[in-house]
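Enquirer: Take a look at the letters that make up each chain.
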Amino acid sequence: MTLLHLIKKEIRQEIRAKESIISMVVFGTSVILLFSFAFNATPAEFSRFLPGLMWMTFLFVSVLGLLRSFSAEKEMDAYAALLSSPVDRGSIYLGKLFAFWIFLLFAQLFTMPLFALFLNLNISAHFFTFMVLVLVTDWAIAAVGIMISGMGLRTRMGEVLVPVLMFPLLSPVLISATKVTHTIVSGSTLAGTNFWMMILFTFAVVFTATGYLTFGAISEE
Amino acid sequence: MTYFSKKGNVLLAIITLVLVLIGLWAIIFVAPMIPQQEWAQRIFYYHVPLAWNAFLGYMGVLVFSIIYLVTRKSKWDIYALSAAEVGTVFCLLILITGPIWAKPIWGKAWTWEPRLTTTLILFLLYVGYFMIREFGGPYERSSRYAAVLGILAAIDIPLIYFAVDFWAPAVQSHPQRDMSAHSSMVLKIFFFSLFTYTLILINMFRYRVHVGKLELQKLEESHV
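Protein chains in written order, with the working numbering: chain A, 1 to 221; chain B, 1 to 224.
With the rest of the complex left out, here is chain A (with noise of 0.2 Å):
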């Protein structure tokens, strides 16, 4: 219940400030615009390193939204306010986690289909599998960036320490998808990913499990 009322918090918060969501789509369609200009290759090119240039994207936007994920809480202090209500700090940590999968998704609604329209992403053959990956990766990179940003962005080098931690943790994830993507664009089957979708699963569930064990460790005083 206290969950269902932090997500809720963030989200309004969100749509009153409309900062992360905003900031994510423009960024990412601005990169995707980048891409098609830097690289200029035919669609059959393309399909090579799409998958890798697609989730690179991805990270780079969630950064740009986890930077902006605890500035509110900066202002007159309210995250000491949100600490000192009735609420265990693995609540804050999961209600911040879904909320932000849910505005990671969100930017991705508005970015994925420029990928389809500028950059041939064609990921017809296997839709229903990229939904999946696409919700388990996001969670993923949710899970870690909620952690990280939650340190980082209460430290002075927060906007720089963000992205060198979270870079480097989420290398498996970024592996995983980008290789399940690579199969799902190629159209060919789909038995090799399911090992791949294992990695991606089990980093969801232990990094979610491990920060919600550890996040009071981090946001005491």
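Read the hints as simulated data drawn from the structure, not as lab findings.
Worth double-checking, as some hints may not be accurate.
To be verified - Computed from the model, here is a short list of chain A residues facing chain B with C-beta under 8 Å:
| # | residue |
| --- | --- |
| 1 | M151 |
| 2 | L153 |
| 3 | R154 |
| 4 | T155 |
| 5 | R156 |
| 6 | M157 |
| 7 | V164 |
| 8 | L165 |
| 9 | L169 |
| 10 | S171 |
| 11 | I175 |
| 12 | S176 |
| 13 | F203 |
| 14 | V205 |
| 15 | T208 |
| 16 | I218 |
Claimed, not checked - Stretches of chain A that chain B covers, calculated by requiring three or more beta carbons in the stretch to come under 8 Å of a beta carbon on chain B:
| # | region |
| --- | --- |
| 17 | 59–67 |
| 18 | 189–202 |
Said to hold, decoys possible - A few chain B residues that don't get close to chain A, going by computed Cβ distances all over 12 Å:
| # | residue |
| --- | --- |
| 19 | S5 |
| 20 | W39 |
| 21 | S143 |
| 22 | F205 |
| 23 | K218 |
Built from N, CA and C at the ideal position, the CB exists for glycine as well.
Given the coordinates of chain A, assemble chain B onto it according to the supplied hints.
Expert: Coordinates of chain B only, in the frame set by chain A:
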């Protein structure tokens, strides 16, 4: 009081130094040549113990970080930091010795071989770990952050390894697995080297802990 005013520490350092010299002699003059690899193979007497030390260091970070988060005694934080620093030194040395071996054997210094790649990612992770120590704010807070990051990084290690391993299956794997097939002398010297390097690790770790405690003392004095 300096680190070396304790007799035990001096003794440990001297024993380690003697063993290192004996090891060096054995690796150069006693160890048999392995066909096709010639001198390049001998770096494995160092390379593998280095990896072992980095692994011990990082496991230490995990264990000490958990204990620190539970007990909140700064002693464990110093242990975790010391283990991280020592582990990262060895991690860097793996990244240096790996390419030295790979250049003559594989013809190029860097391949995206799973273990080397995992080591590189780990190295970057722990660079971040030191950054959060440095920029994390007040001592107590940056210690907590670092402890959490130490746990996250340690959990990530197997996942990174599996992902990277399957990411580039075509790349040759390390050949030292069949090192023992050559001669029993190879194994003997190898384990001797492993033992020596573990002693080096213990020396470095103890010294770093000593320095860490002095730093904490100074910090506490400046607050009073």
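Enquirer: Please write out, lowest number first, the hints stated earlier that are contradicted by the structure.
Expert: Per hint list: 2, 14, 15, 17, 21 violated.
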